[in-house]
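Following the hints, complete the assembly by docking chain B onto the known chain A.
Number of protein chains: 2
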Amino acid sequence: MNGPEISRINAKAGPAIILIEPQLGENIGFAARGMLNFGLTDLRVVRPREDWPNAKALTASAGADEVINGAKVYDHTSAAIADLRHLYAATARKRDMIKPVTGVREAMRKMASPGTSSGVLFGPERSGLTNDDVALADTILSVPVNPGFSSLSLPHAVLLISYEWFSVHGQSRDERIQLDVQPATRSQLLKLFTHLESELEASGFLRNPEMRPRMMRNLRNALGRASLTEKEVSALRGVIRSLSRK
Amino acid sequence: MNGPEISRINAKAGPAIILIEPQLGENIGFAARGMLNFGLTDLRVVRPREDWPNAKALTASAGADEVINGAKVYDHTSAAIADLRHLYAATARKRDMIKPVTGVREAMRKMASPGTSSGVLFGPERSGLTNDDVALADTILSVPVNPGFSSLSLPHAVLLISYEWFSVHGQSRDERIQLDVQPATRSQLLKLFTHLESELEASGFLRNPEMRPRMMRNLRNALGRASLTEKEVSALRGVIRSLSRK
Chain A
1285 MNGPEISRIN AKAGPAIILI EPQLGENIGF AARGMLNFGL TDLRVVRPRE DWPNAKALTA
1345 SAGADEVING AKVYDHTSAA IADLRHLYAA TARKRDMIKP VTGVREAMRK MASPGTSSGV
1405 LFGPERSGLT NDDVALADTI LSVPVNPGFS SLSLPHAVLL ISYEWFSVHG QSRDERIQLD
1465 VQPATRSQLL KLFTHLESEL EASGFLRNPE MRPRMMRNLR NALGRASLTE KEVSALRGVI
1525 RSLSRK
Chain B
1285 MNGPEISRIN AKAGPAIILI EPQLGENIGF AARGMLNFGL TDLRVVRPRE DWPNAKALTA
1345 SAGADEVING AKVYDHTSAA IADLRHLYAA TARKRDMIKP VTGVREAMRK MASPGTSSGV
1405 LFGPERSGLT NDDVALADTI LSVPVNPGFS SLSLPHAVLL ISYEWFSVHG QSRDERIQLD
1465 VQPATRSQLL KLFTHLESEL EASGFLRNPE MRPRMMRNLR NALGRASLTE KEVSALRGVI
1525 RSLSRK
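These protein sequences, in sequence, are chains A and B. The first sequence begins at 1285 in the numbering used here and counts up one residue at a time. The second sequence begins at 1285 in the numbering used here and counts up one residue at a time.
Just chain A, with the same shape it has in the complex (with noise of 0.2 Å):
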């Protein structure tokens, strides 16, 4: 782990995430974990079922410590919320009252610049935010789900809005994997090309000169289209030598 980096990310002030009487010490941990893939940190617990510190907890989040450990825990949820200037619940039900509801995409979008405080809650695994909880909010979030199974698991939510919100605040540069080896030159290639068009000449396979041209390009166009590299060419010209010799 490398604490600078978390920091760096944690700087920008992801939305504190609030599970309310959470019922399995593994879903808090595997919860954490997730939250720490995406660079939040700020894990915050209203009447946890089972003790606090948690055993179970620690160990499902493998490795994401810093969260567990720096937990807050709570008997009352308006304590917890008490410092957030902007409060989502993550509900799917239905509810009868009238309250702004946002997709996760968009909410993480529109979440507030960098020290304004954001905070998103969720149920017990089993029953989900009451509505008294629900109506603390400012704003519902809602994951579009297949209405045939619709029901999240509470890390899988936890986990889809850390990701969302990492998806548009948390990349400062480009991730890509990066390659150190070379692409072969176009001539390394038309090499490639030329050898094997004179080997199948040899072995016949370029007979009917009709097809011949468009035989060629076909060829060409395949395995152009697979960006080789100098190594890749060298060793489809060993290969070419060594079936032709046979």
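Read the hints as simulated data drawn from the structure, not as lab findings.
For identical chains, the list gives no copy identity; a pair is met inside one copy or between any two copies.
Here are the simulated SDA-like cross-link-like pairs (lysine to any residue), alpha carbons at most 20 Å apart as the crow flies:
1. Lys1356 x Pro1408
2. Lys1515 x Met1499
3. Lys1394 x Ala1468
4. Lys1383 x Lys1515
5. Lys1383 x Ser1518
Below, chain B without anything else, positioned relative to chain A:
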């Protein structure tokens, strides 16, 4: 659960989820729950460490019985992917090979139209995919994560891919890119590689037994990147036949 709704989504042909040597039944079940939350049902398991059928998987799926009970189990990855036309590898580790890397969201947006089968490979919880398994895929799928804590749990990784698939394809509108040529199936590609390997063996190209796996992996990688069509696979097999007949 609501059958017709699921079938409606299903009919849009989401990717197969292929778990290679998953260690824990719970993780398979938890992954299945996330799949069905986002309308995916095609689960394939290669050499699960625990017995199959697996009661823990069924319990952890929390009602996604149709995914668990419908899962197909294989001894070899090659059999599990034989019918697929586009294969992605979910991996975060750097690899010493050239392969296109695509973000999950981008990949799901590009995922081919209904009827063109795609799949995503996932490695074991502890170690992830082997280089040999990554070499089977056309494209590496990457999820942008906190570089200081980048290891996603297996069910979380499956969830994110299911979520991104659904966020593009689960809703009614159609943003997909149409393809008018079909890429070859994995089974056709595997036959091409087997054919090439046997001719190279006959020609003495593979006489160094220590180098052989690596040489073949490099060739598979190079040719695999080209997204060869059925016709191109036939043409290349003709080339191999012609050259080695000489």
